[in-house]
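Protein chains: 4
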Amino acid sequence: MIGIGVIGYGYWGPNLARCISEAERSELASIADFSPAARKRAASRYPAARIEENWQTLVSDPRVDAVVVATPTRWHFEIALAALRSGKHVLIEKPMASSSREAAILIEEADRRGLTLMVDHTFVYTGAVQKIRSLITDGAVGDVYYYDSTRINLGLFQSDVNVIWDLAVHDLAIMDFVIDARPLAVSATGAGHIPGSPENMAHITLYLEGGATAHLNVNWLAPVKIRRTLIGGSQRMIVYDDVEPSEKVKVYDRGVSIAEESGSTTKPDEIHRMLLNYRMGDVWVPQLSVKEALLTEIEHFVTCIENSKKPLTGGTSGHRVVTLLEGATQSLKRRGYPVELAEMKAAS
Amino acid sequence: MIGIGVIGYGYWGPNLARCISEAERSELASIADFSPAARKRAASRYPAARIEENWQTLVSDPRVDAVVVATPTRWHFEIALAALRSGKHVLIEKPMASSSREAAILIEEADRRGLTLMVDHTFVYTGAVQKIRSLITDGAVGDVYYYDSTRINLGLFQSDVNVIWDLAVHDLAIMDFVIDARPLAVSATGAGHIPGSPENMAHITLYLEGGATAHLNVNWLAPVKIRRTLIGGSQRMIVYDDVEPSEKVKVYDRGVSIAEESGSTTKPDEIHRMLLNYRMGDVWVPQLSVKEALLTEIEHFVTCIENSKKPLTGGTSGHRVVTLLEGATQSLKRRGYPVELAEMKAAS
Amino acid sequence: MIGIGVIGYGYWGPNLARCISEAERSELASIADFSPAARKRAASRYPAARIEENWQTLVSDPRVDAVVVATPTRWHFEIALAALRSGKHVLIEKPMASSSREAAILIEEADRRGLTLMVDHTFVYTGAVQKIRSLITDGAVGDVYYYDSTRINLGLFQSDVNVIWDLAVHDLAIMDFVIDARPLAVSATGAGHIPGSPENMAHITLYLEGGATAHLNVNWLAPVKIRRTLIGGSQRMIVYDDVEPSEKVKVYDRGVSIAEESGSTTKPDEIHRMLLNYRMGDVWVPQLSVKEALLTEIEHFVTCIENSKKPLTGGTSGHRVVTLLEGATQSLKRRGYPVELAEMKAAS
Amino acid sequence: MIGIGVIGYGYWGPNLARCISEAERSELASIADFSPAARKRAASRYPAARIEENWQTLVSDPRVDAVVVATPTRWHFEIALAALRSGKHVLIEKPMASSSREAAILIEEADRRGLTLMVDHTFVYTGAVQKIRSLITDGAVGDVYYYDSTRINLGLFQSDVNVIWDLAVHDLAIMDFVIDARPLAVSATGAGHIPGSPENMAHITLYLEGGATAHLNVNWLAPVKIRRTLIGGSQRMIVYDDVEPSEKVKVYDRGVSIAEESGSTTKPDEIHRMLLNYRMGDVWVPQLSVKEALLTEIEHFVTCIENSKKPLTGGTSGHRVVTLLEGATQSLKRRGYPVELAEMKAAS
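Chains as they are written, first to last, in the UniProt record's numbering: chain P, 1 to 348; chain L, 1 to 348; chain U, 1 to 348; chain R, 1 to 348.
So here's chain P without its partners, still in its complex pose (with noise of 0.2 Å):
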C-alpha cells in the first residue's frame, strides 16, 4: 500500500483525491492546502486522512511514500524538488514546469535518487488516446503524415499564462505520446483580444523529423467548444473528437497514393494527375475501455513506484513538453518566426 499526499486541493486536487481513495493499492495519506476553505472541504470529504496547511509538513511525513503536486504551475518545482530531497516519489500536475531548464533538474534529482517522476498528462490513459497510439504503433495508419488538433472553447482566462501553456499541453502530451518523431523547429502566432489579459488564441506549427507536421489551435474565446483531432497517415485517418459522447475514434480507409507507371507519352500534369489514386473506404469506429484515466493513471504510478517501472508520462516527457511550450511561446512573441528545436532533442 503507498501512502500518498496530495498538495493543493483546488480545481483538481479533488479528482486525484479520489481516485487515490479509489485505487486498489493506494492510500490517500494527506492533503495539503493553504486555504481554510479547501481544507475543510478536504476534511469532511476525508475524515480518514490528515490535513495540513503547510504543504512542508505533508512532505517530510514518514507516512507519505509519494507526493502528488496539485498546486498552480509556478509552484510545481520547489515543492517537487523538495519533496524528492525527501525521498518522495512524485506525481507533477501538467505543465511540469514553468521552464525547461526547472523540469531538466527535477528529472537529475529523481534519476539521481531512483525515484519515479511522473507528470500528470491525462488524456494520454484514456481509452481513446490508447486507442490512437496502438493504431499507430500496430501500422494500421502506415507513416504518419500530420497531427492536426483543435481545442477551443469560452473558457476561463488565465491571469499568469497564456492559452498555450493552458491548452496547447493537452496536445503536445497527446501528440508527444502518440507519435514518436520528435519536433525540430516550431512556429507559432497568436493575439490577445482582451487587454491586460495574455494571449487567449493561438495556432502553433511544428515540423517534425521525417517531414511530418503538427498543428494546434487553441482558443479561450470561441462560442463552442470543439475537441477535434485528425491524424493524417499513407494507410489510414483517424478523427478523434473527444466531444463526441460515443464514437470519439473513427478510423478512416481514405487517403492518397501515387500509382507506379513506367513510360508514358503524355503531358505532365496529365500524368500527375493519373498517377495519383484516391482511396474511399470504410470507416471503422473502434469500442474504447471507459475506465476512467485518471484512476488508470493513479495505478501507474502506483505500479512504476512497486517496480521501479519507467512511467509512460515521465520526467522527460513532462520536459520535452515544456520546451515545446517554450518554444512556441517565443516564436508568438515574433509573429510565427521560425524556432529550431536542437537543444530540446539534447535535452531529452
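Hint data in this document are derived by calculation from the structure and do not stem from the laboratory. Just so you know, not all the hints are guaranteed correct.
Heads up, the list lumps identical chains together, so a pair's fine if it works in one copy or across two of them.
What the hints assert, rightly or not - Okay, derived cross-link-like pairs now, DMTMM-like style, lysine to aspartate or glutamate, Cα gap no bigger than 20 Å in a straight line:
{"no.": "1", "residue 1": "K40", "residue 2": "E24"}
{"no.": "2", "residue 1": "K225", "residue 2": "E247"}
{"no.": "3", "residue 1": "K309", "residue 2": "E209"}
{"no.": "4", "residue 1": "K131", "residue 2": "D253"}
{"no.": "5", "residue 1": "K310", "residue 2": "D111"}
{"no.": "6", "residue 1": "K310", "residue 2": "D143"}
{"no.": "7", "residue 1": "K291", "residue 2": "E247"}
{"no.": "8", "residue 1": "K225", "residue 2": "D241"}
Given the coordinates of chain P, work out where chains L, U and R should sit on it, guided by the hints.
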C-alpha cells in the same frame, strides 16, 4: 440584354453558362473551349449559342458584350487582357491571376477603358456570407477580434498550384468582403505529403490592422469534409458552417468583457479574474436567402455593366486576394517567417 | 431546517441524499437500506446521518420530518402510506405507484392529513423543461398541435416492468407539466424481443383534449442513444434534444397557416395549395438555467413543506402519469386497440 | 435500344427523363404532359424527343417500347392499363395505384401479356438500401427484431392524399425489399392539424410474421428534416440516416443476448439480470455505391425488359405496399384499432 461569352467549358464553366442563360437580362451568346468533347457537350446543351474552338474568335465577336474567363488560372491574364482591349467587360474565375502584378495590369486596363472588371468570388453572393457581412456592418458583432476558418477534405490534388491557391482563396475572398480591416503581415506553414505534388496542407495567420487576427486551415488530404468559420467579436460571435444543410450561420451572444472597477486592495491576479465577465447568452440562427449564389452574382455583373457600378468583388478585391496568396506562399517556403504586406495597401 | 430520511440507497438514492445534504434548508437525517453493502457506502459518505436496516425505524423516527422513497416501484405504496400515517411529508420516486388505485389512496391520505405528497418527476425541474413550459404558457408556441418524443438506447432490461414503465414515464411526466390538455384515449403497440423479458420496445399515441396528439417512442434495445422531443404549434415549433451538451432547446419560427381568401374560380385542389402559407423563419436557442434539476426539486419540496404549498409535481400529477402507464400497457396487450381514459379525468 | 415515353413532366418526370436519356441502352422517345408550360420546358431540354399533349397518343406510338407513368396517383391505373393493353412495358411512380384492387388488375394484365411491370421505388436502388439488404441476407444482422423509421420535415401538404400515402410509402417500399417477413397486422394513429387538409402526421406499427415489428413515423409539419431508420437484430443493429452527406449506414456490433446457465439458487429477478449479456462492440461504416439511384433503376428496367426478368420492385411489390397503405389508413380512422392483413398474403 447583355450578350455574354464563356471561355472554358470544363468544371465550372457549365455552371456559369447555366446561370447566364437563366438570368433575366443576360444572354449566353457563345462558348469557347479547345477540347472537342467540351464543345460537343456545350452544343447539345445550348443549341442557340455559338460554339468556338479559339477564344480569340469569341473575344472579337461583336455580339459579345462581356466575357467570362473560366480557364485554368495560368491563362486568365492573357485572355482577360485581350478581352478588355477588345472593349469587353470581364468576369474572371478566382484566383484572378497568377500574380499581383498581372492583376494590377488588368485593373489599370479596365479603369482606363471604363469597363467592368469583376472576379468570381462566388461565396460572397451566398445568403450566408451576405448575412455575416450585415451582422458585422450593423454592429451586432462589435469589434471583430478574429476570423478562424477550416476548409478541409479529401480533395483533388492540383498539379500546378498548392492548396493555398486552390482552397484558401475562398476564405481570403470571404474575409476581404466581410472584414474592413486590411492584413498587414502573414505567417504561413505547410507541407506536401505526396512526393511530386505541391503542398497539400497549409495554415495561414494574418495580422490585421487594429489588432485583429485571421487564421486559415486548408487541407486536401483530410478524411472528413469541414467547412467552418468562427468569427469572434466584442459583442457577439458567429459560427458559419457551410456543410450544414440548414442553420449555416449561428450567432452567439457569448463573450468576455472587462468590468470597470476603481479602487481595490485584492491581489493582482485575483483582481484580473474578478474583472472579467463571462457572457453566455442565447443563440440565434437567422433564416438565409436560398437564391443560388452564382445566379445572384451574374445578375450583379449585368447590373454593374448596365449602370457603370463598382462590383462587390471587383478587380481591386481580386488583386488583394492574389497579393495575400503570394505573401502566404512566400512565408510558407520559409517555415512561417512573417511577411509584411505593406505593398498590398499601396496597390489597393 | 427540514430533516429528511431516504429509504433505498441503490441507484438513485445516493443522488437524492447528496442533494438533500447540499440544499440549504434541509438536513439528511437518516438513510435506510436492507443491503449491508449499501448501508456501508452510506455510512462512509454521510458519517453524521443515522443508517437503518429497516425502513420502519426510519419512518417512525421523530427527527425525520419528511421521507424520500427511492425503492423499487412495487414497495412505493406500502412505504409511502406508512410514512404519511406517521405524519411525514413524502417524496416518491417515479412512477409514483404500481397502480392508479394505489396512487389515489396515497393522495387521499396526504390530503386528509395536510401533508405534502410529491413525486420525483426530475425532468420537470430542468432548465430545458421549465423553458418549454414558459414558451407554451407565454403563447410563443401558439396552439399546441403535437408532442412527439423518442427516448431510446441500449438500456438495462428490467425484469419486472416493461419499457413503458421505465422510460415512457419520463415523457409522460414532462408532458403532464408542459401541456395543459389532458389525454382522452391511448393506443400503444410494442414487442419483447428477448425471450423471458418484458416488452423492450413500445410506441404510444395519446389523443388529447382539443385535438392535439402525443406520441412516445421508447426502446431498451437501440444501438444509439436518442432523447429528442418535437413540439409542434400553430406559431412556433420546439426541438428539445437532451443529448446535446448545450443548445438543448431550439425554437423554430416555422409552420403552415391558411391564408384567408374570399371568392375564387380556381379548381378545388389548387385553391387548397394556394391558401397554405409555409413559414420558414429564424431559429432561436435560449440560454437555459444550468442548476442541477434534482437540487432544484429538493429545494422545491422543502419550500412546499414549509409553506403548505402544492408541489409542481404533486400526487395528482403522479396519479395521472400512472393512469396513462396503465392505459398504454392495456392497449399494448391488444395491439393498439384504443383505450378511453375517461376515468382519469374524474380522478384528477 | 429501348424507346421510352414519359407521361407527366411535373416534379419527378424531368428526373426520369434525364436518367432515360443518360442510360446506355434506352432512348427518350417522347414526353406527354397536358400543361403547355411543361411541354415547353420538355421541348427546349430534349429537342430530339416527340412532345405530346395527350398521353393516349404517346401510348399508341409504335416507336415507344415502354412507358413511364409519372402523373398524380389517381391517374396511374387508367394510363398504365392502357399502356399494357397497347403492349408497352410499364414503370409506374409510387404509389403504384390508388387501391390494391387496381394494383392487382395491372399485375394480371402484365402477366397475361408477358410484359414488364415495375414500380418506381427509387430508394431500393440506392447504395444505402442495397447494402442494408445484403447485410440482412448475409446474416450479419441475425434475426431481424424491428425496423423503426422516422421521415419528417416541413413538407408540401398534399390536398388529396394524407401523409401516409406521400411519405410512409417510401419506408414501406424499403421494408418490402430488405425484410423477408410479411406484415400480418397494422395499427396506425394520426392527426390533421390544418383545417381542410388531410392527416399531416401519422404513426404506423406493423406486426410481422415471426414476431418482428416495424414502426413508421411520418410528418409534414416538423421543424427539422429527419430521415432515420433503425434496424435491430440479434447479431447487429443498423442506423440508416439519409440526411448524412456521407456515413449514411452504420453497423453496430451491439445487442443483448441471454447467457445459457443451468442450476442456480439466486432469486428469480436477479437470475434474469445475470443471464443477460450486453454487447457494446465496434461500429462499422461501409463505403456505399454513389451511383445515382434513379439511373440504376432505369438501367434495371431496361435489363428486365430485354431479358424478361422479374424486377426487384415489380408489380407484386407495388401491390403489397398499396395494401399496407390501405390497411394503415383504415386503422388510422379507428384510432389505432388493429387491422389484419390476411388478404394481402393471399394476393402476393
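A quick look at each hint next to the structure:
Proximity of K40 and E24 under a CA criterion of 20 Å is satisfied inter-copy only: 18 Å between copies versus 26 Å inside one chain copy. For the identical chains of this complex, K225 and E247 are neighbours both inside a copy (17 Å) and across copies (12 Å), given an alpha-carbon limit of 20 Å. Taking the shortest alpha-carbon separations for K309 and E209, neither the intra-copy value of 28 Å nor the inter-copy value of 54 Å comes in at or below 20 Å. Both within a single protomer and between protomers do K131 and D253 lie at most 20 Å apart by alpha-carbon distance, with minima of 16 Å and 18 Å respectively.
For the homomeric pair K310 and D111, the shortest alpha-carbon distance inside one copy (11 Å) is at most 20 Å, but the shortest distance between copies (68 Å) is not. Neither within a single protomer nor between protomers do K310 and D143 lie at most 20 Å apart by alpha-carbon distance, with minima of 27 Å and 50 Å respectively. In the homo-oligomer, the alpha carbons of K291 and E247 lie at most 20 Å apart inside one protomer (15 Å), although the nearest pairing across protomers, at 28 Å, exceeds that limit. For the identical chains of this complex, K225 and D241 are neighbours both inside a copy (11 Å) and across copies (14 Å), given an alpha-carbon limit of 20 Å.
Hints 3, 6, counting from the list given before, are not met by this structure.
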